[in-house]
Amino acid sequence: RKEVEQDPGPFNVPEGATVAFNCTYSNSASQSFFWYRQDCRKEPKLLMSVYSSGNEDGRFTAQLNRASQYISLLIRDSKLSDSATYLCVVNNVNRDDKIIFGKGTRLHILP
Amino acid sequence: DGGITQSPKYLFRKEGQNVTLSCEQNLNHDAMYWYRQDPGQGLRLIYYSQIVNDFQKGDIAEGYSVSREKKESFPLTVTSAQKNPTAFYLCASSIYKDSYQPQHFGDGTRLSIL
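In order, the protein sequences belong to chains A and B.
Here the first sequence stands for residues 6 to 116, where the numbers follow the numbering used here.
Here the second sequence stands for residues 11 to 124, where the numbers follow the numbering used here.
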């Protein structure tokens, strides 16, 4: 199993729809989880940290499922500007706590 | 405005040439990182530094070198030993050396071979 795994997509979703994608991780001892957004040919930008209790920021909701070892990102009322690649990030306690980036899920919001 | 500044934005390297990518941060962050991203691929860690005058190899350190003489600066040298240097290079920093704090990125340097 890969350390951090994401469906590469692309997810093609009509504007206004709700979309969700997951990210699985292999190390059950992982403690830190983040979602980043990366636009084409740009740097990744922190979207949100993921807490055990789940967290919400406007239209975005992130959740952690430790039992099944995955985190999720839900986007409600999607906008054209949400089109981007979403990177899942997890720390790896077996590798000096280094952060591992997933390869990302591409999201296209269609007008 | 605090942030991470990478320069140059675009860089071209000739065969056999060493080139240095600059990364400066004024966020007072302890840890700094260099990543490489190839088209359609994830980020791969080249080197990281948790404190001044100390740094560790990441997953793909061969052909690269770094220094951390100042807290604010973490330059990356791509040496001639790196046979396939064409990529998007990203510098990041975080407030603490542990992984519980998110990393923040500069806007990257695109390196190409002439």
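No lab work stands behind these hints: they were computed from the structure.
These numbers were taken from a predicted model, which means no experiment stands behind them.
Where hints are given, some of them may not hold.
Here are the computed distance ranges between Cβ atoms for each label pair [said to hold, decoys possible]: (1) B:Arg54 <-> A:Arg6: 14 to 24 Å; (2) A:Asn27 <-> B:Tyr20: 13 to 23 Å; (3) B:Glu79 <-> A:Ala34: 49 to 59 Å; (4) B:Tyr110 <-> A:Gly63: 43 to 53 Å; (5) A:Arg64 <-> B:Tyr110: 19 to 29 Å; (6) A:Leu51 <-> B:Tyr20: 37 to 47 Å.
All C-beta atoms in this analysis are idealised placements derived from N, C-alpha and C, irrespective of residue type, glycine included.
Exercise. Compare the structure with the hints numbered earlier in the document and write down the numbers of the violated ones, lowest to highest.
Key: Violated hints (numbers, rising): 2, 3, 4 and 6; every other hint is consistent with the structure.
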